[in-house]
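Order-wise, the sequence lines are chains A and B.
Residue numbering for the first sequence follows my numbering, starting at 1 and increasing by one per position.
Residue numbering for the second sequence follows my numbering, starting at 1 and increasing by one per position.
The set of hints was computed from the structure by calculation and includes no laboratory data.
Some clues are possibly wrong.
[Said to hold, decoys possible] DMTMM-like cross-link-like pairs, simulated, lysine to aspartate or glutamate; straight-line CA separation at most 25 Å: (1) A:39 - B:103; (2) A:148 - A:57; (3) B:164 - B:103; (4) B:168 - B:108; (5) A:148 - A:236; (6) A:40 - B:140.
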Amino acid sequence: MRARVTPWLLLLPALTLLVAFTHWPALATIWDSFLSTPKKGRPAHFIGLDNYRGMVEDEVFWQALTNNVIYAVGTIPLSIALAIAMALWVNSRLAGRGFLRLAYFTPTVLPMIAVANIWLFFYTPQYGLLEQITQALGLPSHNWLGDKRTVLGAIIVVAVWKEAGFFMIFYLAALQQIPPSLAEAAALEGASRAQYFRRVLFPLLMPTTLFVLVNALINSVRMVDHLFVMTRGGPDNASALLLYYIYQVGFSFWDTGYAAALTVVVLAALGAVAFFQIRFLDRRTHYQ
Amino acid sequence: MTPIATVFQPAPASRVLETAAAWLLGALWILPLAYAVWTAFHPAAFSTRFELGAPLTLQNFVNAWHAAPFARYFLNTTLLVAMVLAAQLVLGTLAAYALARFEFRGRDLAFGLILLQLMVMPDVLIVENYRTMNALGLRDTIVAIGLPYFASAFGIFLLRQTFKTVPKELDDAARVEGASALQVLLKVYVPLAKPVYLAYALVSVSYHWNNFLWPLIVTNSVETRPLTVGLQVFSSTDQGVDWSIITAATLMTSAPLLVGFLLFQRQFVQSFMRAGIR
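If we strip away everything but chain A, and leave its shape as in the complex, we get (with noise of 0.2 Å):
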């Protein structure tokens, strides 16, 4: 008897938690999609699909959907090719590879909000670096951030300066467990660098680039604090992000109804990634 009861004491405390702040704000998510936003006076009634046929007319929600894939698009590739580099070079035996690791890890213990300060800074028109250093090329004045073309590539670029330096180091920990033996075996088969790096290496790697895709995956849709201090999803909603957009109908307009139904979305948007997960990834990775 003892035995039976034992684990669930131990899970008792973590699983009353999950549950009160992971499962049940999901499910409750979708429900409240379906409900209208309470007002003083008019509580929350059932209005069925009221919030989702508004979403299909939002053009703000439109935009802010293609700017997430923009942003996923337009972070993900580059941030994990750069990783890789980062990792192969800090793992050869170029000159200064302790200082390069530093260089390449910093960005991501620092507070993307605090970052973001910065980055800001080096964006501002006139008197910010950038601008310096265009017009030390003799290139037009242009701001980066409040010009609707270029302010999501603005907001890429610290995305992508954040998180490669993470993903460098899951590639640092693959490499290092790969046997120099492999290496010297195609090399006595007379393999060129390329071929190698093509042949051995990349596959090799490929399981921990699924781990790292699934993670960058997240975090295009997590990953939201700079726009808070560099755009506020400005000019004209050209850098809304998703999970900015429901915070911003969430907390500042108060329209809570509308806001589940897009956390409603951002959740289907993750269940496919765990979909993905689930598919290609624990066929590799061994749960036991």
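Fit chain B to the supplied structure of chain A, relying on the hints for placement.
The following block gives chain B in isolation, referenced to the frame of chain A:
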């Protein structure tokens, strides 16, 4: 460090190129921070003028410190980070032990439910969790910032994997001597998992030191605001565009993590590695 393959080093010419590229990237990566350091340690007149002879000053830090209740923000963040870490370690240890060393019905289901949090993080459930905190009367408290993170799927997973590598014989031997489940956990498992606890602690502390969106939503006063939110409030409303003071405040809020990272660089990198290898 494991040995580096001696073959497939680049040819001398491309070696120079690669070294240059690696250093260029490193310079680009450190540039924003270097820029912030320059601006924070020089008078405002030199914030965008790069002259070797520019006078150094700490006045920007003094001004920033007095312009907002940063001491209180530091205290709040410290309390938050310590509270979250303590809760995560205790809850995670108990849950991981149950999952790693007990056979019981529903174990896989429980584990699956826990792992779900890796995907559906509290970070995106802000609307509902805010409602919950309101209902519990916890809005605008430090506890409310930490509570959704107390049970960490990542921590439970990491510890479970570690506990599974502990030889069962050690467990059995302790039990034969009459130790209870909890005693075995504390005497056998926890000491053996020390490096993992350290690794997890570094990851957790840096995550919660840096967390912003949820604390922004759930706090509303100086007494509860963590540094990240305090910094945002400070730099967006009070200061106009006094960059010297803003960068000083920015460096100040990042300083403990940055200094910690510089001192324990190897442990930090290895912790993140350890946390990444599953």
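A quick look at each hint next to the structure:
1. A:39 - B:103: Between residue 39 of chain A and residue 103 of chain B the Cα gap is close to 50 Å, so the pair fails against 25 Å, i.e. violated.
2. A:148 - A:57: With Cα atoms ~22 Å apart, residue 148 of chain A and residue 57 of chain A stay inside 25 Å; holds.
3. B:164 - B:103: Holds, at about 13 Å.
4. B:168 - B:108: Holds - the C-alpha atoms of residue 108 of chain B and residue 168 of chain B are around 20 Å apart, at most 25 Å.
5. A:148 - A:236: holds, 7 Å
6. A:40 - B:140: Holds, at about 23 Å.
In summary, the one numbered hint that this structure violates is 1.
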